[in-house]
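As given, the protein sequences belong to chains B and V, one line each in that order. The working numbering numbers the first residue of the first sequence as 19 and each following residue consecutively. The working numbering numbers the first residue of the second sequence as 771 and each following residue consecutively.
Simulated from the structure, these hints should not be mistaken for laboratory data. Quick caveat: nothing in here was measured; it's all calculated off a predicted structure. Yeah, the Cβ is synthetic: ideal placement off N, Cα and C, and Gly gets one too. You may find that some hints are simply not true.
To be verified - As a list, the in silico DSSO-like pairs of lysine-lysine whose alpha-carbon atoms are at most 30 Å apart:
1. K354(B) - K111(B)
2. K1252(V) - K89(B)
3. K956(V) - K305(B)
4. K404(B) - K1387(V)
5. K89(B) - K1031(V)
6. K1255(V) - K48(B)
7. K354(B) - K1003(V)
8. K48(B) - K1387(V)
9. K1031(V) - K445(B)
10. K1031(V) - K563(B)
11. K79(B) - K956(V)
12. K1252(V) - K354(B)
13. K1003(V) - K48(B)
14. K88(B) - K956(V)
15. K79(B) - K1252(V)
16. K445(B) - K1252(V)
17. K1255(V) - K305(B)
To be verified - Chain B is nowhere near these chain V residues, computed Cβ spacing over 10 Å in every case:
18. T984
19. E1071
20. E1142
21. G1192
22. E1322
23. T1353
24. F1383
25. K1387
26. D1420
27. Q1425
28. Y1494
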Amino acid sequence: MKHRYTRVLALCCLLCLLIPAAAQAKTPYKTFTVNGYGEMQETQTAYTVSRIISCLEAGGKNDVVLADAKKDLRGLFVGADGRLFLTFAERRKSYVYIADAAGTLLGSITDDAMTNPCDVFVAANGHIYVADPDANAVFEFTEEGKNGTLVHTYTKPDNPLYGAGTTFRPLKVVVNHAGILYIICDGNANGIVEIAPGADGEPDTFLGYFGTNFASVGVWDMFLRLIRTSEQRAMSGNSTNPRSPTNLDLDERGLIYTVTQGDGPATLKHLNIAGNNLISGAMSVDKPAGVAAGLNDNVYAADEDGFIYEFDSRGELIFVFGGKDDGTSRAGLFQKVTAIDVGPDGCLYVLDSSQKNVTVLEPTEFTRSLHDALGLYAIGRYTESKEPLESVLDMNSMFDVANRAMGRAYYQEEDYGEALRYARLAKDREGYSDAYWEVRNVWLKRNIAIVFIVILALVVIRWIVRLADRRLHFLDRLRPKKPLFGRSKYLSDLRYSFYYMRHPIDGSYGIAREGRASWAVSLTLLALFIVEFLINKYFCGFLQKTVQDGRYEVFSDVGMLLAAAVGLIGCNYLVCTINEGEGTVKKITSYFCYSLTPYILLTPVIYLLSLVLTRNEQFLITLLQVLAYGWMLVLLVLGIREVNNYTGKQTFKIILLTLFTLLILALIIFILYILWAQVFRFIGEIFGEVVYRIG
Amino acid sequence: MAERRRFRLPALLVPLILALCVWAAASAETAPPEGYADYTLMAENDGWAMFASPQTLSVLVVDRATGLSMCSTLPAGSIPSKPKAIDGASYSGAVILARNGTSISSSEQVDLLRTENTVTWEPVENGFRAGVRIGEPYLFDFDAVVTLEGSDLVVTVPDDSVAEHSPTYTISWINLFPMMGATDQKDDPQGYLFVPDGGGGLILMNDKHGRFATGYQGPVYGRDDGFWQSGAKTLLHERVDTLNETYSALIPVFGLAQTDKGIGYVAIIESGDERCRVSASPNGVTNFNWNRIYAGFHLREAYRQKTTNIEMLEADRFHEDLTVRYRLLTGADATYAGMAVKYREYLLATGGLKQGDASYRTRVDFLGSERENFLVGTRAVTMTTADEAREIIDDLRAAGVPTLFSACRGWQNGGLYGLPVGSFAADGAVGGNDAVRRLILEEAEQGAQVVLWVDALRLNADTNTFTHDVAKMHSQEDIAEKNLKNVYRTFYFMLPSASADRLKSLAKSLKDSGLDDLAVGGVTDKLFSWSARGAYYSRNHCADTCAGAMEEVTAAGTRLSMTSPNAFLWPSMSAFLDLPLHTSGYQYIDVDVPFLAIVLRGVVPVYSEYVNFEANKREYFLQMVEAGVSPSFLITRENASALIYTNSSDLYSVQYTSYRDDIIDYDAQLRALAEKTAGAVITGHEIDGELRCVTYSNGVKVFVNYGGAPVSVPEGLTVDAMGYAVWEGGSQP
């Protein structure tokens, strides 16, 4: 057997380009997904390198070595039968090579008219379309004959709507089931060129531009446009033009995916028949090179630097993996990706024009389970989707895409408790709110009678006790002899803050004239404000929480609040002093801190509501927040006016001056920080030099 | 009398003639083969003859039985009249890369063809010693001692013979025998180069079509963090690093096999391995159409000066003899499996590896506690207490997993990253010292081996204000690992002496508590140069310090399990944790082979990397079956989501309930397999497409089928798709 294996191994030497490259090797890249907070989170490897095709085997000298291509490899298409179509340009002749999935050469398409094929697409009828910018044409071939047969050439539309001065340099092409061509042309920012083939010798029909991107004109662009001469504007290019899509693909329904570089969250678009984008806010792809519709209603986008993104049909990121070759020449890392496509078995084919090869990536068990689950979920078979989802979560319980789908599946099954749990794990606020509404509803249905009975009982008991006390006076012993807040100055002043809240003008008079200003109470109120702010920020209900679980920045929060308080009070004092204001530091601090009382009183209510309300009742919390902040603002303005004895106009001026002073103060602090940072760096470098010298 | 004389004469003549015949026959066999007429016979034995052309350090070994040969250079008789640089590199048995001044960019090739030199030589026992004197402007001296020891060809450059007389030129690299066994691709050779990346990989000798600009360049024992500086990386969205680290070479070994001829070698770098790099170039690299592999020794590293950012060379060169032992292989041994077997034999014979108790255990590691930020400090995140770990082990025992190996992580005060650890002080969150000690001792009584795992290399910058134990690079910067994790973002490397001291004190502390086991990581797979108080230390000092400490600890009675240990630590190793089953996935590596597993299986317990994080579980399971290693799981009682705000947020799947069934299933299958191969080592490993066959020394064969269809094998078994079968010499079990 050994000899047989040796012979086989020797055979493998000859055929190694057909076998998996470095089979089962460690994956050179990590795979990430996004968690519920939108952060990247590592997960199991989604795709592994199955093989690398760098040579189309035809036996000996007929092999096509991709490294021999004289121009960039840019066009790749994988047919429904698994065949590979690859554009290839030699010095004098250009081809579309056809190979099987293992890389064995099956045939070629060529014609003298073809000079620089950049893209290839195989339509449902088997016709092969080749986009060639240098030939200013799209060629349509059939596979008949040794090198295929050219059956049609699409050239620049003879239509004034196309634009007489607009060139026709096709870079990418797809053809839908009706035979309509969608062509991305080099330098044409009007949109995707839509051409219907002419029937029976009739000329082709230009149907118009499709899926035109929006131009974004910033304030700076508008300013530049305003001051530049027409020559300067011409030289700088027309930045107000929309960006031209980089690549496109068709999904199973004939809808078009496009990727456009520099469009941020709109990089990936899913265009319906009207050309409207069905996706809002997909993760940006920095340098999109290719896009390919997948098998499970998902879509793949390839970044030129080798990052491969997988999105679901709504544009939510499922995986991102891959990366740029760091010089180690590892399979699965890329130098310059130019195209991506999906095989019928779910394998990804990635074309690298620098490495001049096609890397085939196959989904792992983990990914197959996830695809199964999402596929079932998408068609409404929620219960069936739970099994593969459980398999996914067994492998990665922190995979939020699966947690979210699991929560939704439980919700559809009306198991709201589990739905709530999974929605919380997935940080899925919408799902959590829906599930919580149901859970609360169930609870209310079960307990509403008891709640009312308890409330009623408490009211009755209170009424009975009061009635009895009126006759028997048994509660007199418990009543204080003097009012509670009248016993000490501190408590009295603390009580005064509530009075100030309700009667700010009288309250301000008290601060200014009646000795109601108090350092102790002011600082107490400020401390309470800070404590409540922190509690509400970190421990409020999930739906209201603005920070991630487990992330605490208490020092920073307290520092910011104290800095803001000190800055405001200080600046206000400085401004009031030079504007004949009557407020002292103590008085200004007092009205500033007393103004915080509405927040201090309302925040506990907001906090409690955040624990029991859903997104449907969000308005209640918002209302209370507006009330608290508005009330604070009114108290502050009136405090400034009354304590300093200003008119309304003066008050307005003082407020503006205070804000301006605050801005100047911040600027000074920033400049000082910069200067001192330089000093510290200088000292650090000297220290480093000393350490280096003395060892 | 005359009759007696007549009788005596033939009696004398016959032996004389016989002797002449034997001499003639022997002379014929020891003549150099065709194309090597100028070569001198330097040594011979029953199996091999060694010829040499000392002027170019060209050494030819000939298998006397078959006449097959391998040479350290291209044949000296075919040297071109106007040699180019590539000729100099391929016709010289030693090639030096020299540096002019300290500039990094002026590396110059010094060889024995194009550079003025004189070579004198003298015979030594079983070989010769050549003295090489390189002339102007380089003025380097070195000797090369080449001997034939049985079937081993040994080449040594003694450290004391290396001299640099030039005021400006220094030696950066010495490459030895750069063409040993090399094959010309135009001859359509069949065979492969074996590289020690990860678990082991083969570069097949087939036409690479000039696809690769470089070949494998693997520093033995990984990169040197005392010099290494990260280069520019392309980050996802300019902030996320998506690339995995490559594996390092844990063993100082490389090999070459010409399978069509049945000759090859496994090369063991015996000395100077700490500064050695294995270079394997398939055909087409730099337009050179040969397949070759060799060892290069880095005598001077470069680094960037901290304050000026100027590139500098080490002031003093690396000091150690540079020795490569080529163990010559023929016939069926001239395969990667033969190489692994010979390397194992070499290790066992030289004490580089000791036979231990290699009985089967499934490895179930526990994560005790971690830390997450909380208000103004951190708080413990308890994942598994000692009592919970015992419950899990007991539960598994009740479910039919009789013996386990468990390394507890995050047991120490401060949790997983409470580093460094110098004594037995368990975290209160996991139950404290008493609970941990009770867990270990009570489980030991029932057959489970529970050990405490510690990272003996790293120091947590956030919990250690005083950093006098931190190692510095040659550039005087601290050797540190930075990350973007949630709690702790900087870890320093400790001085090897500090690591050694803490390791010894921890082992003693455990010993005082009656605990005889310790699992170590960090220092086991990192080897670095460092500077301290104006002095510079090379990687061999680090290796000596760590190996010495571990030897001392084991001599005191503590068993050391090691995480991916470099080969120089193997003498003290009682178990190998995290054995790589893959290579790094370089494009030029065509086939991954379980070389490390073949070496170690049956000698010491060998455990895989964690199964938890494998996306292709079935395939990984089959790889474990093929390599004969035990599976490893990382387990917690709590859900992994509790770790989301800790530094271990990348441990996304660890909860016991998720893995209980897998552990039981894996244990049942792999234990049954291990029982059939108990006490046996792997003697053969063959590949037939998607089918792999592993042969054990007791005759058992294990077939593993990675394909999608069942396969029938000549032994009468049918191996299921993505399955395995065991042949015990008779009918299918």
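Going through the hints against the structure:
1. K354(B) - K111(B): Holds. K354(B) to K111(B) sits at ~24 Å (cutoff 30 Å).
2. K1252(V) - K89(B): violated, 42 Å
3. K956(V) - K305(B): Given pair K956(V), K305(B) is violated - Cα atoms ~42 Å apart, limit 30 Å.
4. K404(B) - K1387(V): Holds: K404(B) and K1387(V) sit about 20 Å apart, inside 30 Å.
5. K89(B) - K1031(V): violated, 41 Å
6. K1255(V) - K48(B): holds, 16 Å
7. K354(B) - K1003(V): holds, 15 Å
8. K48(B) - K1387(V): holds, 17 Å
9. K1031(V) - K445(B): Violated, because 63 Å separates the two Cα atoms, which is more than 30 Å.
10. K1031(V) - K563(B): This hinted pair is violated, its Cα atoms lying about 72 Å apart.
11. K79(B) - K956(V): Distance ~14 Å between K79(B) and K956(V) Cα, so the pair holds.
12. K1252(V) - K354(B): holds, 29 Å
13. K1003(V) - K48(B): holds, 14 Å
14. K88(B) - K956(V): holds, 25 Å
15. K79(B) - K1252(V): violated, 51 Å
16. K445(B) - K1252(V): holds, 29 Å
17. K1255(V) - K305(B): This hinted pair holds, its Cα atoms lying about 27 Å apart.
18. T984: T984(V) not clear of chain B: closest Cβ-Cβ about 7 Å, inside 10 Å.
19. E1071: Label holds. Min Cβ-Cβ 18 Å, cutoff 10 Å.
20. E1142: At roughly 6 Å from the nearest Cβ of chain B, E1142(V) sits no farther out than 10 Å, so the non-interface label is violated.
21. G1192: holds, 26 Å
22. E1322: Since the minimum Cβ distance to chain B is about 29 Å, E1322(V) lies beyond 10 Å and the statement holds.
23. T1353: violated, 5 Å
24. F1383: violated, 7 Å
25. K1387: Check fails; 6 Å does not lie beyond 10 Å.
26. D1420: About 5 Å separates D1420(V) from the closest Cβ of chain B, which leaves it inside 10 Å; violated.
27. Q1425: Check fails; 6 Å does not lie beyond 10 Å.
28. Y1494: Given that every Cβ of chain B is farther than 10 Å from that of Y1494(V), nearest at about 15 Å, it holds.
Of the numbered hints listed earlier, those contradicted by the structure are 2, 3, 5, 9, 10, 15, 18, 20, 23, 24, 25, 26 and 27.
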